[in-house]
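A.B. asks: Based on the sequences and whatever the hints tell you, model everything.
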Amino acid sequence: MKPAIRVLSRLAALGVLACAVLVVKSTAQLMGPASLQVDDVDGRQVVAGEVLVKFTHSLASHERLQFEQQTDADRNDAVGANGVRRIHSKRLNTRALLAFLRAHPDVAYVEPNYIVRADVAPPSDPWFDQLWGLLNVGQTVGTPGTPNADIKATLAWDVSTGSTANVVAVIDSGIDYTHSDLAPNIWA
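What the sequence shown shows, in the numbering used here, is residues 388 to 575, in sequence order.
Mixed in with the good hints, there may be bad ones.
Using 16 angstroms as the maximum straight-line C-alpha spacing, the simulated EDC-like pairs for lysine to aspartate or glutamate come out as follows [stated by the list, open to error]:
1) Lys477 - Asp464
2) Lys441 - Glu455
3) Lys477 - Asp461
Calculated from the structure, these hints are not laboratory results.
On a predicted model such as this, the values are computed, not experimentally measured, just so you know.
C.D. replies: And the structure:
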């Protein structure tokens, strides 16, 4: 192999290796810590030792450093552009961090960093994609649909998928009370 080709081959291999390292590092940053420490505040899951705080004014660097020292913060990141900061303490648990910051006159508000998970369970109805009244994405059911012309049922399902405690009244003479979806739950 000629020396010039050998050098180019090595440079190409080095470039591929560098790209692979960047992809792995970026993926790890997106995924976050492998084992997220979870705490419980008022019955809700929160990131342990971490809060979201907004100060009454923009802190000077020495004020920010003082807060980091007082809270033993290992993370103090801006969240968005509205002045909210995410502070994580190596030493204080979530409740102690909340109590300390709530008592400080420079804090406008502070709250735990709540853990929120998306409900990804799809509806179990095999005909759901045809039920444009529940979620209309423009699908054709006889005629082309109008996207978003629906009752936003999937948003309600994020809150609850129902129970026998929920009563829905349907005033319609065209209900098939023997239908498999309705029969176990319908009553007159």
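A.B. asks: All the hints need checking, so say for each whether the structure fits it.
C.D. replies: Structure-based check of all given hints:
1. The suggested pairing of Lys477 with Asp464 holds, with an alpha-carbon distance near 15 angstroms, which does not exceed 16 angstroms.
2. With a CA separation close to 14 angstroms, the supplied pair Lys441 and Glu455 stays within the 16 angstroms bound.
3. For a cut-off of 16 angstroms, the pair hint linking Lys477 to Asp461 stands: about 6 angstroms separates their Cα positions.
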